[in-house]
Amino acid sequence: MSRAPGFADRSADACADAQLQANLKSAVLHFQRNRAKAFAAFPGSEAARDLVRDVKDAALSRLPDLLRELERSVTALGGAVHWARDGAEACAILAEIAAEAEASTAVKGKSMVTEEIALNPALEAAGLEVYETDLAEYIIQLAGEPPSHIMAPAVHKNRRQVGELFAKKLGAEYTEDPTELTNIARTTLRRRFLRADLGVTGANAALADSGIVVLVENEGNIRMSTTAPRVHVAVMGIEKVLPGPAEAAAMLAVLARSASGQKMSSYTSFLAGPRRDGERDGAQAFHLVLLDNGRSRILADPELRQTLRCLRCGACLNVCPVYEKAGGHAWGSPYCGPIGTCMTPLLGKGRGRDLPFACTGCGACAEVCPARIDLPGVIMALRRKAAEDPAFPDPAERGGPPLSAAAAKLFVKVAGSPGLFRAAASLARTLDPGLALASRLAPGLRAWTRTRKPPRLRTPFTASWPALARNLKGQALKGGRP
Amino acid sequence: MRPLPARHSGDPNPASDPVRVQLFVPCLVENLAPEIAEATARVLTRAGAEVALPPGQTCCGQPLYKSGRHAEARDLALRFLDVFSGPDPVVAPSGSCVAMVKAYPKLLAHDPARAEAARALAGRTFELSQFLVDVLGVEDLGAELPMAAAYHDSCQVSRTLGVREQPRKLLAKVRGLDLREPSRPAACCGFGGTFSVQFPEVSASLTAEKAADLAATGAQAVVCAEPSCLLNLRSHLDKNSPDLGIRCLHLAEVLNSGFGGAS
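Those protein sequence lines, which keep their order, are chains A and B.
Take the first sequence: its letters are residues 1 to 482, numbered as in our numbering.
Take the second sequence: its letters are residues 1001 to 1263, numbered as in our numbering.
Keep in mind that a hint or two might mislead.
For lysine to aspartate or glutamate, the following DMTMM-like pairs were computed, each having C-alpha atoms within a straight-line distance of at most 25 Å [as the list claims (entries may be wrong)]: (1) A/K413 with B/D1082; (2) B/K1102 with A/D50; (3) B/K1173 with B/E1201; (4) A/K25 with B/D1082; (5) A/K349 with A/E115; (6) A/K37 with B/D1213; (7) B/K1169 with B/E1201.
These are calculated hints, taken from the structure and not from any lab test.
Fair warning: this is a prediction, and the values are worked out from it, not measured in the lab.
All chains should be built: construct the whole structure from the sequences, respecting the hints.
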């Protein structure tokens, strides 16, 4: 019988793909090394992480006020603020802005939130040509694939695969030289920037006191996307608002170090509304779309609220053992890795009932999170939600807790009584000491034993304890040493 | 909370007033690796402790808790509180089971009286190496094991409990032991309990990589303070590379070597 499509299937496929395994391993080791180096050379890094945690928590605790202040500030700069309850509303707002501006082409900066709301197909359905301009996003758009990493969306491909893709899709001569590949993309993209009517980006933060939108990038494509087209639209999750520049500085101190191991990224833009009279560049119109899509629900839950501290740096992905093997596509969500496991069931309609269980509980993610999100704790809370509610997060999904409610009750009944517990172990030991039968009958164990020799059930320790205890007593009397 | 037993000067041969210890035997150890419990009891005794085995032990509830079945895990947590209600420190040769006990206060938060008892219990529950080094102040147990060994930092021991130095301090004093560090000591072995059954391909892939990294050190033995990692690695090595002859030893077995433990 085939399994329900979900993380188990997708991750199994990933494990069987030797090229993908090699690409993932080399990428995450590279990112791990870079982050470690950056933090080793960053005095006060622990205090900086504390500060980000506190700054984000403080902002989240007065989110409605900050958002209203942000709206006033952006409006005062001549921009327009739009509120979107969910992805569909956000996409409709964008389509309307495009229609009003009589836009026919859009260029985009890398933005996870626009992946979250599936903006590209929505704009294409509204008749626009949409071009991703971040190199990695451009690659996966050409390949027709979703991103597989929050910070490095094409991390599942190596340069040979990119060379083949460019040759096939762009008619370029095959090369696997990164500089040549970048130049091929740049030549194509440069024309698009100059022709585009609409520039769409996400936002790393927006500052309530000034209305400034903060955008962090390495390629300059976001600066192009926000200045070359007539209209700039930034789409931002409501949790990204910060009070002012001091809080933005706290965030910037850890963001690039955590993401790519840089002290600062190559470009950090502070955009204060549309072009004003007398200014020579900048978009003529600026729109900020504030997206909820489940965030207020998360905010209202004291156990889950901390996930909204996330800066989207991707550091937790890079140290996650499951990510290293399964790759980002296994999550079936733009948000993958540990933070994807936490966000995917909670955002929008919510999906990924099996995701919280696709975690070994190793805790590596919590060690690197720049905002000190207790990712393992949130994942445990989501496991409990899935166990207590068969409809969480999506009643249409199968999978989820490894133990059914009935199995859990039976286990408690047996483990609740030492006699029963011993008898059960003894029965298993008599009937199936090498667990050969169990391995054949239980589907889960069958897969387990494909790569492992099951352990043998042994005479329990408790049975040998009385004799050992006498022996130890004698030993202790002799002074502890035999 | 009851004060911890006083530290002594590292003398594994105290003259009087031994520290009493309640031995917590994880159910995996009880039924799949009883030699680990025996070695633990012997090592604790040599370190000067008087070991008792509180009767009625079954399971700490970890598989239920990690499956999201908190209501059921709570029942076993309450049982555990009763079994280990004595005032003496509780010691287990497992990081994950100790971590489970440390999670009891949160699990029982709805019941202030039991939560308080759980906090006290969590405060007096220790992983073996933590107890030997931090509480008893013992590092040299006189063990001798002439072989090359690679230490695997179990995630539950090293990250959840923060126990990284204690096992290394203890192993550094084992005569003849040539301790080798794998290239990725902090990488997970891929077990994760029910994770390995639910997502066997990812798990197997991680275990294979971990085993290869440990084997690449040229070690003849893998040493770990967590029985579940050991059973996982042993199952993998037994199936895939029995010819390497790499042994999977619990820290307690190594510390008991030369005294009827590993040799």
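Hints, one by one, checked against the model:
With a C-alpha separation of about 16 Å, the suggested pair A/K413 and B/D1082 falls inside the 25 Å cut-off, and the hint holds. Restraint check for B/K1102 and A/D50: satisfied, since their Cα atoms lie roughly 24 Å apart, inside the 25 Å limit. As the CA atoms of B/K1173 and B/E1201 are separated by approximately 38 Å, the hinted pair breaks the 25 Å bound. For the proposed pair A/K25 and B/D1082, the alpha carbon gap of about 47 Å is over 25 Å, so the pair is violated.
With a C-alpha separation of about 15 Å, the suggested pair A/K349 and A/E115 falls inside the 25 Å cut-off, and the hint holds. Of the supplied pair hints, the one linking A/K37 and B/D1213 holds, its CA atoms being roughly 23 Å apart against a limit of 25 Å. Restraint check: the Cα-Cα separation between B/K1169 and B/E1201 comes to about 35 Å, which exceeds 25 Å; the hinted pair is violated.
When held up to the earlier numbered hints, the structure conflicts with 3, 4, 7 and fits the remainder.
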